[in-house]
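Trainee: The chain contents come next:
Number of protein chains: 2
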Amino acid sequence: MMKLGAFLPAPGHHVAAWRHPHARPDGGLDFDYYRSLVRTAERGRFDMVFLSDGAGVRTTYRDAEELSRQGRMVHFEPLTLLSALAVHTTHIGLTATASTTYNEPFNIARKFASLDFLSSGRSGWNVVTSVTDAEAQNFNLDRQPDHATRYDRAREFMDVVTGLWDSWEDDAFEYDKESGRFFDPDKLHILHHQGKHFSVRGPLNVARPPQGYPVIVQAGSSPDGQDFAARWAEVVFTAQQTLDQARTFYRGIKKQAAEHGRNPDDVKVLPGTFIVVGRTRAEAEDKYAALQDLVDPVVGLGLLTGQLGDVDISGHPLDGPLPDLPPTEGSTSKQQLIYEQARREGLTIRQLYLSVAGGRGHRFLLGTPESIADELEEWFVGEGADGFNIMPDYLPDGLDAIVDLLVPELQRRGLFRTEYEGRTLRDNLGLPRPAFGAARHPAERRA
Amino acid sequence: MMKLGAFLPAPGHHVAAWRHPHARPDGGLDFDYYRSLVRTAERGRFDMVFLSDGAGVRTTYRDAEELSRQGRMVHFEPLTLLSALAVHTTHIGLTATASTTYNEPFNIARKFASLDFLSSGRSGWNVVTSVTDAEAQNFNLDRQPDHATRYDRAREFMDVVTGLWDSWEDDAFEYDKESGRFFDPDKLHILHHQGKHFSVRGPLNVARPPQGYPVIVQAGSSPDGQDFAARWAEVVFTAQQTLDQARTFYRGIKKQAAEHGRNPDDVKVLPGTFIVVGRTRAEAEDKYAALQDLVDPVVGLGLLTGQLGDVDISGHPLDGPLPDLPPTEGSTSKQQLIYEQARREGLTIRQLYLSVAGGRGHRFLLGTPESIADELEEWFVGEGADGFNIMPDYLPDGLDAIVDLLVPELQRRGLFRTEYEGRTLRDNLGLPRPAFGAARHPAERRA
Numbered sequence: 001m002m003k004l005g006a007f008l009p010a011p012g013h014h015v016a017a018w019r020h021p022h023a024r025p026d027g028g029l030d031f032d033y034y035r036s037l038v039r040t041a042e043r044g045r046f047d048m049v050f051l052s053d054g055a056g057v058r059t060t061y062r063d064a065e066e067l068s069r070q071g072r073m074v075h076f077e078p079l080t081l082l083s084a085l086a087v088h089t090t091h092i093g094l095t096a097t098a099s100t101t102y103n104e105p106f107n108i109a110r111k112f113a114s115l116d117f118l119s120s121g122r123s124g125w126n127v128v129t130s131v132t133d134a135e136a137q138n139f140n141l142d143r144q145p146d147h148a149t150r151y152d153r154a155r156e157f158m159d160v161v162t163g164l165w166d167s168w169e170d171d172a173f174e175y176d177k178e179s180g181r182f183f184d185p186d187k188l189h190i191l192h193h194q195g196k197h198f199s200v201r202g203p204l205n206v207a208r209p210p211q212g213y214p215v216i217v218q219a220g221s222s223p224d225g226q227d228f229a230a231r232w233a234e235v236v237f238t239a240q241q242t243l244d245q246a247r248t249f250y251r252g253i254k255k256q257a258a259e260h261g262r263n264p265d266d267v268k269v270l271p272g273t274f275i276v277v278g279r280t281r282a283e284a285e286d287k288y289a290a291l292q293d294l295v296d297p298v299v300g301l302g303l304l305t306g307q308l309g310d311v312d313i314s315g316h317p318l319d320g321p322l323p324d325l326p327p328t329e330g331s332t333s334k335q336q337l338i339y340e341q342a343r344r345e346g347l348t349i350r351q352l353y354l355s356v357a358g359g360r361g362h363r364f365l366l367g368t369p370e371s372i373a374d375e376l377e378e379w380f381v382g383e384g385a386d387g388f389n390i391m392p393d394y395l396p397d398g399l400d401a402i403v404d405l406l407v408p409e410l411q412r413r414g415l416f417r418t419e420y421e422g423r424t425l426r427d428n429l430g431l432p433r434p435a436f437g438a439a440r441h442p443a444e445r446r447a
Numbered sequence: 001m002m003k004l005g006a007f008l009p010a011p012g013h014h015v016a017a018w019r020h021p022h023a024r025p026d027g028g029l030d031f032d033y034y035r036s037l038v039r040t041a042e043r044g045r046f047d048m049v050f051l052s053d054g055a056g057v058r059t060t061y062r063d064a065e066e067l068s069r070q071g072r073m074v075h076f077e078p079l080t081l082l083s084a085l086a087v088h089t090t091h092i093g094l095t096a097t098a099s100t101t102y103n104e105p106f107n108i109a110r111k112f113a114s115l116d117f118l119s120s121g122r123s124g125w126n127v128v129t130s131v132t133d134a135e136a137q138n139f140n141l142d143r144q145p146d147h148a149t150r151y152d153r154a155r156e157f158m159d160v161v162t163g164l165w166d167s168w169e170d171d172a173f174e175y176d177k178e179s180g181r182f183f184d185p186d187k188l189h190i191l192h193h194q195g196k197h198f199s200v201r202g203p204l205n206v207a208r209p210p211q212g213y214p215v216i217v218q219a220g221s222s223p224d225g226q227d228f229a230a231r232w233a234e235v236v237f238t239a240q241q242t243l244d245q246a247r248t249f250y251r252g253i254k255k256q257a258a259e260h261g262r263n264p265d266d267v268k269v270l271p272g273t274f275i276v277v278g279r280t281r282a283e284a285e286d287k288y289a290a291l292q293d294l295v296d297p298v299v300g301l302g303l304l305t306g307q308l309g310d311v312d313i314s315g316h317p318l319d320g321p322l323p324d325l326p327p328t329e330g331s332t333s334k335q336q337l338i339y340e341q342a343r344r345e346g347l348t349i350r351q352l353y354l355s356v357a358g359g360r361g362h363r364f365l366l367g368t369p370e371s372i373a374d375e376l377e378e379w380f381v382g383e384g385a386d387g388f389n390i391m392p393d394y395l396p397d398g399l400d401a402i403v404d405l406l407v408p409e410l411q412r413r414g415l416f417r418t419e420y421e422g423r424t425l426r427d428n429l430g431l432p433r434p435a436f437g438a439a440r441h442p443a444e445r446r447a
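Chains A and B supply the protein sequences, listed in that same order.
Under UniProt numbering, the residues of the first sequence are numbered 1 to 447, in order.
Under UniProt numbering, the residues of the second sequence are numbered 1 to 447, in order.
No lab work stands behind these hints: they were computed from the structure.
The C-beta atom is built at its ideal place from N, Cα and C for all residues, glycine as well.
What you were told as hints is all true, and nothing was included just to trick you.
Straight-line distance between alpha carbons at most 16 Å, and here's what the computed EDC-like set of lysine to aspartate or glutamate pairs gives:
1. A/177 to B/293
2. A/187 to B/66
3. B/187 to A/63
Non-contacting residues of chain A with respect to chain B, defined by C-beta distances greater than 12 Å in every case (computed):
4. 43
5. 305
6. 332
7. 404
8. 433
Only chain A is shown next, with the shape it has when bound in the complex:
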């Protein structure tokens, strides 16, 4: 069965989504709006909602006037939002992004363990390293740490966090009122981590999470990112534009996971997929054209600059080619993806920003439920994907259309569930529950 994530930034993925007549530009801070979206995704039997995050407002615009054209400025912090959504949903997984660069592992281990208890085992953590100077400048730095340092910290961060989740064995707490013994002292394990980036004693002041560990999600596609994913990720979110590329990536990740002593089936690869679906192809084309017409050139260029790792291209003519780019300390894999697309398709800067205005470098599918189901099926059966992280164009209509039109078509083909298999996110994704101490001994993860 296909696995589906619902990637739901308010008010949608298209950069001009907020200007659509039906969009709610203030939705990012409205709980009722989010509750309605997530219940729609749960009605559609999605495995999980997925919230991206950044610890700052992107500030690559020249001034506040330019920035004010941008439509995604303020929104809930994902862990607080998902905690509230946890108690208004019953089956759907709840995956929040949190940065290893600007948090301490003890705080992150606690919060995700707490969310896993609030949701009775439906939490996921999208592990990221932060990739902008704008974020660094909110955390006592002038510029972000370099790529290698960020990943080095992230790897040690995972050792600490999983170690803290293993502070207590699953059945450590006895609550024996008679004898006065609250827990079995043999089942407490104090971490005593001493490393290069962190010294963390433990134990965690939360019990072992219902899922053992929350599901680990990861999206880095650079060599460092792929190695990290192969070692740690159970869901890999990736940007792939052709089936050949997707297959190469898919096989690479599974192979590297096996080299880390893991069962390749325990890593689910979900390429991001930007979708515009209509009852007819013409309806879908009209929807998309309406959104493209709303793209402000300032916003388009700002988006492209971000995609290129905050490389300044403002001096180049919009209707000329993309210049050669310097290396970035931002996301190297994303920069390369966009650059290759520009060269491959011979796009001007303007054509390039319009082409990423929806999916930001992710695969873009436009059409009818049948045509889009064909395209998803091709990648799924062709071993390019275990499923997809679905990116609606604008909300709530885009998600409604996917749930009401596309999901039934996938179900009809037997590609997607009609009922949830279980109650935890692991149950639904078909991932094993890690045994106590599993993170320290990857070989134990084998099926």
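Chain A is fixed; fit chain B onto it per the hints.
Mentor: Just chain B now, kept in the frame of chain A:
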């Protein structure tokens, strides 16, 4: 009107609460349990629930066997729990403790702003500096920073957090779909904070909170703590044992607040009050005796050690006097309070730990609804308190008894509300909503 907080650590304040036959020792990680408690407090028209917190498990016990006698080991992280409770309640305030010592101000500003939106203006932040080496050791340190350094950081932390909450004016967001302008660029204010402990550019990626700023709560009672409270706190939680002491503290805080250019009415002083209430005095005494009988000496001594700032007294006989104590880098005001009590009442170590087994140095009231209401009224009309942070003995029974017996008696006397005055925590506490930029200019806070 009196202001009342419900201070609700699962499974209650008494150190042996978890061993009570009716107590739920696993309640700290059970959302339904907390939802039920907080709805009871809301039915009782409490101003707020108050959750204390520490970033670690206290490790002053000699070994895991001793530690296993202790009953408060694992619980929800407060911000995730209150986010979930926010969407299952309508009027009660939600105050979480978060440390300025082991967090970054950008993260804290975001999370509390997010909680304020989730709860439509019912969030409060209990600002603490962390006071144990056990926490320090979870954050890359061997020992905690000294008292003065912690407060120096905390003061700058507040400048940054309030500055970030003022990133956007209240009406900054226009969402003008036609013109494509999302916000008014004149209403964005980038902080550019450069200080001794922090460099934070801003802006925050959350709009200005519904309450302007979440309500600031503070509990430090050392000279540094009182000065901090006078400058920043809108609710002061304090431990006072006699009316004379309480009056001195109350007048001191109000006077210092005035010296900071604030209206003294905008600082509400709420002494912590441990309550055992029964229909008759004998019933209350029986309840208390039953709890005291359940106190394990190892736990009693561990509790006392913590109250004394982690000073080791294990070499001294339980039935002898408390020895002279060295200075602590923990909570100096709490150490002094306990020490003075021991001397004043001539208590042995065992008698001392039994005396703090319930209220941990806070005022202790045992009796009938009438007698307890008399005692609360005396402090309230006697200018020792603006209200009380109520500490039930064990849960849920202790809170039920307070809501069903004591609250009606206070309402009958016209001392406490029968309906909420408004929808935000500020409305109910009678606190003004801070204007944009208020924190930078305390004089603007005058009524």
